[in-house]
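Colleague: Residue numbers (my numbering), protein chains in the order written: chain A, 778 to 1087; chain B, 134 to 491.
In case anyone wonders, no lab produced these hints; they're calculated from the structure.
It should be emphasised that the depicted structure is a prediction, and the values quoted were computed from it without experimental measurement.
There may be inaccurate statements among the hints.
In silico DMTMM-like cross-links for lysine to aspartate or glutamate, where the CA-CA straight-line distance does not exceed 25 Å [claimed, not checked]:
1) K304(B) x E406(B)
2) K1033(A) x E836(A)
3) K887(A) x E356(B)
4) K483(B) x E143(B)
5) K304(B) x D319(B)
6) K304(B) x E356(B)
7) K480(B) x E866(A)
8) K304(B) x D402(B)
9) K325(B) x D402(B)
10) K887(A) x E181(B)
11) K304(B) x D1042(A)
12) K887(A) x E836(A)
13) K887(A) x E406(B)
14) K965(A) x D1042(A)
15) K304(B) x E320(B)
16) K376(B) x E356(B)
17) K480(B) x E143(B)
18) K358(B) x E143(B)
19) K965(A) x D908(A)
20) K480(B) x D957(A)
21) K325(B) x D243(B)
22) K483(B) x D957(A)
23) K1033(A) x E406(B)
24) K358(B) x D995(A)
25) K358(B) x E866(A)
26) K1033(A) x D319(B)
27) K965(A) x E866(A)
28) K887(A) x D995(A)
29) K325(B) x E406(B)
Pairwise CB distance ranges (calculated) [stated by the list, open to error]:
30) F311(B) x L1036(A): 19 to 29 Å
31) E307(B) x R1068(A): 51 to 61 Å
32) I1021(A) x K304(B): 34 to 44 Å
33) G996(A) x E178(B): 26 to 36 Å
34) E178(B) x S907(A): 25 to 35 Å
35) G785(A) x I249(B): 39 to 49 Å
36) R136(B) x R1068(A): 38 to 48 Å
From the derived model, a few chain A residues whose C-beta atoms are all more than 12 Å from chain B [what the hints assert, rightly or not]:
37) M783
38) A851
39) S907
40) L927
Ideal Cβ positions, reconstructed from N, Cα and C, are used throughout, including at glycine.
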Amino acid sequence: MNEASMIGMLSTTVSFGALLYLACIGELISEKAGVLNLGVEGMMALGAVTGFLVALNTENPWLALLVAMIVTAAFALIHGVFSVVLGAEQVVSGLSLTFLGLGLSAFFGKSAVGNPPGAILANVDWGPLSDIPWAGPILFQQSPMVYFALLVGLLTSFLLTRTSIGLALRGAGESASTVDTAGHSVVKIRLAAVATGGALAGAAGSYLTLSLTTSWQDGATAGRGWIAVALVIFGAWKPGRAAIGALLFGGLLALKTRLQTFGVDFSPILLSMIPYLLTIGVLLAISIRARHRPSASPAEIGQVYRREER
Amino acid sequence: MKRLVLVRREQPLRGGQPLSFLIGLLVALLAGILLLVASGHNPIEIYERLFNSSVGSSNAWAKTLNRAVPLGLAGLAVAVAGSMGLWNIGAEGQILAGAMMAAWMAQIFDTLSSPILIPIMLIASILGGALLASGPGIARAQIGVNEIITTLMLNEVALRLLQWLIHGPWKDPESRGFPLAPLLADEARLPKLFGRAHWGVIIAFLVIALFGFVVSRTAWGYELKVAGSSGATARYAGISLNKKIITVMVLSGGIAGLAGGIELSGTSDRIVEGVSGGYGFAGIIVAALALMRPSGVAAVALIFGAVQVGGLSIQTLGVSSSVSTILQALILFGAIGAGVFNRYSLKSVKREKKGGST
Chain A
778 MNEASMIGML
788 STTVSFGALL
798 YLACIGELIS
808 EKAGVLNLGV
818 EGMMALGAVT
828 GFLVALNTEN
838 PWLALLVAMI
848 VTAAFALIHG
858 VFSVVLGAEQ
868 VVSGLSLTFL
878 GLGLSAFFGK
888 SAVGNPPGAI
898 LANVDWGPLS
908 DIPWAGPILF
918 QQSPMVYFAL
928 LVGLLTSFLL
938 TRTSIGLALR
948 GAGESASTVD
958 TAGHSVVKIR
968 LAAVATGGAL
978 AGAAGSYLTL
988 SLTTSWQDGA
998 TAGRGWIAVA
1008 LVIFGAWKPG
1018 RAAIGALLFG
1028 GLLALKTRLQ
1038 TFGVDFSPIL
1048 LSMIPYLLTI
1058 GVLLAISIRA
1068 RHRPSASPAE
1078 IGQVYRREER
Chain B
134 MKRLVLVRRE
144 QPLRGGQPLS
154 FLIGLLVALL
164 AGILLLVASG
174 HNPIEIYERL
184 FNSSVGSSNA
194 WAKTLNRAVP
204 LGLAGLAVAV
214 AGSMGLWNIG
224 AEGQILAGAM
234 MAAWMAQIFD
244 TLSSPILIPI
254 MLIASILGGA
264 LLASGPGIAR
274 AQIGVNEIIT
284 TLMLNEVALR
294 LLQWLIHGPW
304 KDPESRGFPL
314 APLLADEARL
324 PKLFGRAHWG
334 VIIAFLVIAL
344 FGFVVSRTAW
354 GYELKVAGSS
364 GATARYAGIS
374 LNKKIITVMV
384 LSGGIAGLAG
394 GIELSGTSDR
404 IVEGVSGGYG
414 FAGIIVAALA
424 LMRPSGVAAV
434 ALIFGAVQVG
444 GLSIQTLGVS
454 SSVSTILQAL
464 ILFGAIGAGV
474 FNRYSLKSVK
484 REKKGGST
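Isolated chain B, as found in the complex (with noise of 0.2 Å):
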């Protein structure tokens, strides 16, 4: 008897991610025709508004974009951590940390213009959701606390933090009792680069061109990848783990915080607790689908962003916007799946008679 078994290939194939994402996103739109057809819609009508909504016109790729900045950051913050072999769980509460900060400081500095208001803003959006992560950062290097459950519980109490000021503090007057915060002064919202998209789309590009040259083309980069892969090898080598491991955890909340404080000032008519908007753990799945290289995050970013817009727009056609969350989730599966046979290769062998190990 044949039996098939995975053997390791001794080199990943080369180009092997960038193919498993097109296999991932091709499973992924036929399994959400069988979806769309069993639920008795129009897929090739849903499509096309799809395609239409998120790529089809400059209207079309300025919403794209707009929403492929958080999805970008997210997944870079997340990737910054992975390529040390952290995971940063908890950029969707560093997002929200960094949408408070840059509030607060728009609420503070009301009679600031525009060019001195935004850095502000945004610088302390980065410190909002550094502050945020260098907690986890200090108890995993300091006592080896797991960080991806101390991000995971952050994220929870950054949105009852938020939750919290929208129904106390931070309630405008002349809200009539709905728990909102005031509408955010013209000076504290990001220009414009072309229609609707916003200059966050820049900030989020050089942020992410910056980070990929820093991990791969720097020595800082390199002991990152080193202390990532083999914790011992690192210390021989003199690079102190403890400090990397705060350093790390607190650039990647920062950069999320950053991706909060574009959110709010680029997209947000004022702050609300949909504004982290799932982009903190759709970035986990951006970064892992770029296997955490900066490169492919802005790409995959970019896909998910056309997603989810054309998501949204399909719901005038009587469709869930559900469909793209599990459009999404299932184009990772797809990758992931298609992913296996970059690393390993299927063999059949004999089945061994009984007792034989295999």
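Just chain A, with the same shape it has in the complex (with noise of 0.2 Å):
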């Protein structure tokens, strides 16, 4: 192993870690409020494919990336409307969403397949500390997404914890009746948290395919929809820890290819088994640990709130 793939997979590491991040901070900020969504390979696939055609038809990829999370934006609202507002249940709605982003992706998408890139959201050049040894082609030679990934999150773990939003979002989740009588609409910060996770999830597919993939094909996000939500539950839901197993996830992923050019000789196969196993061990510490002291896991998640069954 030279320094060269060292640098090379350590960069991956970032930028793959960036893309789970982005997603997972969504997925994080519904589920703050209460809103398990499963449907993030869903969103994260039709986010792909809006960004991509955008980008294919205007040639600007920040308009591309700004549609493709509005689209989504709007496209979780369906879950939003259907499980907090109609009462469905959680689990079934968001792997409804799955299925049909899926398939609108894959439908919308068909004649994209093939098609090189209309723009891509080319790397940032930080000018001298692009030229550091190791840490500049590593964190300063990256797509912008790897940036707007960090900012969304600490600006979500400033919010979540230090203001009157994150209070009464947390406050959704965790009782929502108490955010009631407090006189905040907890269908109004459900969906905003719902719609929210919806564009940081097309935010992410839009990065795969203006950034890292720069083409579509059925089935590009591969699951990281489902990697994501992991992240959520390894990262105890918080932004912080969710960050350090985005970089060990996205490292995961990165290693994955390189196996082989390391000359270590372990199925790359099952080493991708590796973040869904962590992240049910990690589920299982939480449960033994929320036997004796709070659990991290927001109280309400998957409950409907209806005020006349208070």
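Take the two lone chains, each set in its own frame, and fit them into one complex as the hints suggest.
Modeller: Okay, here's the thing in structure tokens:
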């Protein structure tokens, strides 16, 4: 293993990590407000194809990103309306959203398969910083989405813990009736959280097609939406811990294609099992600890809030 | 000013769910027309093909029935867990586990003849699915671990395990480097019922009927529902909740595993990644539409089977087969939307002045 391949691997770790992190923070916000959204994989796919198609037609990557985020936010609201307003089971409605998203992205993306990108989100040049050995290529020659992901994580962490918006959001997931009594609309908070989650999953999807693969094909998201769902739990619903998890899972994705180059005789397929097994392990640990202290998981996740049934 | 509010009905509408389902189906088909027209296709031609290729001939029915088998069993697996308020999101992985076990048996006992080998394969497939679901069941019962996430994660684990087997230990030396498992022997294939329809149709029907009976007509099934609606009541009644949770998850996994065994032995040439075909996830939608009732599962699975078969057939007309995926999701959303009115009625009330609570 030489220096160049090591740098390549670490740089990919950061870019994959950022992709997972964006979608994960979206899901985290939604879950914090009490809405489990298993539609991440579908939202990501829809964001990926929307971003790619808009870029193809307008050659403007930023517009593509923006449109993709708006479209997936609106798309996520399908889940929001069905589960929050109409009281459908979150699991079922979320999974159907994945179905719908994968179906729609394959349907509308059909014409774009094999096309070169209309525009890409080019890597940011940080001037002299980009030339630093190791740190330059790993941290300062990345897609703008990497820095966006970092910003989103910091902002979310701040909003959740330091602001009244964050308090109301967490309240909607921990004790909806309390938030209601305090004069906030639980339904509106939850819908806003779901839409934000959708926008971020869409951002992750367009990051994939506008920066990483720069092409579209069916199944391009390759289960990364599910990893993002796992990551929320792995990070115990905390943006900081989720960031560490994102780098770890991103690293595993980056390592997967490089095991042979590194001369390691281990199946890359078995390696890709690790994130899921780790997540199960963390969930077990959280549950065992929850017997003695408050659980990390939002208390009312998955529950419909209806005032008259309070 | 007036506004509309949803008011809960004292009793859910009778016969409301089949009606909601039909409305959902209608909504999906209408939305499908919009989608097809918007993308420049002729919806009549495409729907005609969809209909003919799924239920228009005995050949078409055979394909639809074959598809309905894994959908119905996966739906039943979800419904059995769901009747106790548990979510088995892992049917997809349990189907794979079942198929892997069945394929393994076919490799080990390659000298046995069909009447002995096939039962062995199917029993092994039940065990495989049950084994995969037992972990989440035990974790839920003993330490309260959310079974939604554990079963979901195990889907991915099972898929990787299968990929690894196909790329490694099970790779056919005659596949010229392709990651393919060897072809199944003829002895390992389920006999045909008529046309392409295989005996899995009968097996699935019997299993669904059996569980329909057990869940709705036996004391055990009644306890299940009590435990699902209120853990406290169940404990007063002396029902062992933990034991029930584990039993139900193991049964649920076993049913999904059987779907994998039948799918492998009935329709596949060899074990491939796609053997689970998304049936596990579709099964969740099937069970939800059937309100977790086995009898409903069979009906919904049949219709979903037809939609899937039809969806594949329209590819030849230049339409993406993803239309069928879209239709399935839309059926569910349409039905949920319509189903709201089974439980609630829409009333128009006067909007109160500021400060009042509705």
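Colleague: If you check each hint against the structure, which ones fail?
Modeller: Violated hints (numbers, rising): 2, 3, 6, 14, 19, 24, 26, 34, 35; every other hint is consistent with the structure.
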